[in-house]
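Put the complex together from the two separate chains, hints included.
Protein chains in written order, with our numbering: chain Y, 1 to 247; chain U, 248 to 388.
Treat the hints with caution; some may be incorrect.
[What the hints assert, rightly or not] Across the chosen pairs, the derived CB separations fall in these ranges:
| id | chain 1 | residue 1 | chain 2 | residue 2 | range |
| --- | --- | --- | --- | --- | --- |
| 1 | Y | K161 | U | A292 | 34 to 42 Å |
| 2 | Y | P114 | U | Y320 | 18 to 26 Å |
| 3 | U | G295 | Y | R247 | 28 to 36 Å |
| 4 | U | G295 | Y | L115 | 42 to 50 Å |
| 5 | Y | S57 | U | A292 | 44 to 52 Å |
| 6 | U | I250 | Y | V63 | 56 to 64 Å |
| 7 | U | R321 | Y | Y48 | 25 to 33 Å |
| 8 | U | M350 | Y | F164 | 48 to 56 Å |
Honestly, the hints are just simulated from the structure, not real lab data.
All figures in this text were calculated on a predicted structure; none of them were measured in a lab.
Ideal Cβ placement from N, Cα and C applies to all residues, glycine included.
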Amino acid sequence: MTERVDDIVEVCLLAGKLMLESGGETYRVEDTMVRIAASFGVSRSHSYVTPTGIMFSVEGTNVTRFIRISERSTDLSKVALVNHISRRISSGELSLDEARNELERVQQQPLGYPLWQQTAAAAGASACFASLLGGMNHFLPSLLSGGMAFWCFEMMHRLVKIRFFAEFFAAFVAGGIVLLMERTGLVRDVGNMMIGSVMPLVPGLAITNAVRDLMAGHLIAGLSRGAEAFLTAFAIGTGIAFILSIR
Amino acid sequence: MMIVELLLSFVASSLFGVIFNIPKRLLPHSGFVGMSGWAMYMAAARSGMDGVAATFAAAFFVAFVSNGFARRYRTPATIFIVSGIIPLVPGGTAFEAMRHVVMNDYNAAISLAAKAFMISGAIAMGLIFSEVVNQLVKRRP
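Chain U with its partners taken away, still in its complex shape (with noise of 0.2 Å):
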């Protein structure tokens, strides 16, 4: 079930890279990018972790693999970002919140969109965080 996940991960991150034109040779990386976010992802939340501290890690992890990436082919990291955090964005709550919204059940709607916006500033904070690492890693002689 496991190589099922990151198989389909794999795939679904590449075929990103085909949305967002990226180019042919680095298609393989984005998947293996989208793929790396989605296994951390799911190893930190079936630990037991929280959803945003899990989303936390998987978009820390994204950023670094991308930026090992983009100084090994010399090309910018945001062609391996972009479709390596789309499987971390909360559908699944969005959704919800959505259908609590309709259901005219806005107590419910407001903590499922709170619950949204704290996994996506996480996803921006793990990238935040990386970027970080990424400088110190490049200062270094």
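This is chain Y alone, in the form it adopts within the complex (with noise of 0.2 Å):
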């Protein structure tokens, strides 16, 4: 039984780790690890998740286990599938050896889109929010300011493991180019252009998350994850103040 215990312990916290690295709720973690144990006659189990670290324990044995979670990143479709998987377990439809397979293929999947669709859409997505704040002729040039902040993010992100200086670096580009706009006679409206471009930076997961969280009664995870929007708004702030106070 021992053994059987650790194996589900495995799975749960394989389960859980890919959720919390992939930008799920803390709460929904935490649920989800409870219902996987559950489904696989483990009755009486606690976890205690935070965004840097899962603990997971089985009641009536020596079974804690911990993992810390250094990186995390959006990739909403895993916690989409995680929690599909999830489903499945608790309908009793996967066994044990099977849940832990899935969920392994899971991990090994790549992230859903490649970075040059990525930075595709973000431009894209600027280049909509320009022109629905200033008008039509914001829509060409926000979409190549809003493209190459974006891509400044991800490949000063990759460089410096600092998130918020990589957004701030990224808003002092887009913000950059516009200005550039403007001096050569390209663009006349700033404000709504620079707005549109840095929409990609938005930390709209973070404060879906903090909120979520906080509803859920997950104080600790609510209130970081807020900090972590907080900080994020406050780079791309200065990003954009530095240069304004050069223009």
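Written out as structure tokens, the structure is:
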């Protein structure tokens, strides 16, 4: 039995780790782990999740495990996949080994969309927002500045592992491109273009997760995600302020 | 003009889905959620509602539609909410606040920042109220 409990805990931790690393809400991770354990017959288990670590313990045994989460990315389709697997486990469709195989397959999956597609999407989204705020003549210039900002963010994030600096740098680049275009007389309405270009950097997931975690009563997770969202907003604001001050 | 705006918000929100890596088949849905949020915001703002109240109404509506999709497709509601609330983020107000900081006009900057903060709070409250409705609906047999 003890060996089996070890295996169950292993599967629970794998599911929790995948979800947390891909940007799932903390309460969803806790809930998923306890549910998976319960459907394999471990009815009394406890999980405690923060955005940077998972603790999982089975009551009445010595099994307690801890894993540290250091890398987080945004891949909501993985959250959806793990969620789906957990539903199938709960309905008794998957055995323990099958569940582990399915989860490992999700783990090895590459990121949902390649970088060029994401950059193109960011460029398009920036252009749409700038046109929404200021009119259709903002479309083409924002395509350039928004796309460049997102690409610079990704490149800077790979180079320097400090997320907030990468966000600052990307906002700086976006503002710089818009400023150059203003100097050469291509655009006049700097404000709406800058807003549109930094839109892809806005911490939408952090805001959503912070609110949903706070609602579920996870005060620590909610506050730390809120701090993440605030710092990101601050980094973007500083980048734009830098550009405005040299304008 | 209205149709162009709706189309732009639809495209923008579904493209945000790509940035957040949501499943391909759900991209149109996230676009629809973003579009309905923007439409709600515009309708409220143009009927003379305050920006904070309009944002609250729109965020409520976004989360309401998202929860509906989440039940229908058996997937986390977050997938639809994240790209849906992006158009509501007070980018313009925050930008103006930053501009005034740079001009050393702190009085104007603080009042604008307070407004941006209130709008962010309205997004959060909209999500919370919608979740309450969702739980009440779920509980009913």
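How the hints compare with the structure:
1. K161(Y) <-> A292(U): 34 to 42 Å: Distance hint for K161(Y), A292(U) holds at roughly 41 Å.
2. P114(Y) <-> Y320(U): 18 to 26 Å: Holds - the Cβ-Cβ distance for P114(Y) and Y320(U), about 25 Å, lies within 18 to 26 Å.
3. G295(U) <-> R247(Y): 28 to 36 Å: About 35 Å separates the Cβ atoms of G295(U) and R247(Y), which means 28 to 36 Å holds.
4. G295(U) <-> L115(Y): 42 to 50 Å: Cβ of G295(U) to Cβ of L115(Y): about 44 Å, so the range 42 to 50 Å holds.
5. S57(Y) <-> A292(U): 44 to 52 Å: 50 Å, holds
6. I250(U) <-> V63(Y): 56 to 64 Å: Once the Cβ atoms are compared, 59 Å apart, the range 56 to 64 Å for V63(Y) and I250(U) holds.
7. R321(U) <-> Y48(Y): 25 to 33 Å: For R321(U) and Y48(Y) the Cβ distance comes to about 27 Å; the hint holds.
8. M350(U) <-> F164(Y): 48 to 56 Å: This hint is violated: roughly 25 Å between Cβ atoms.
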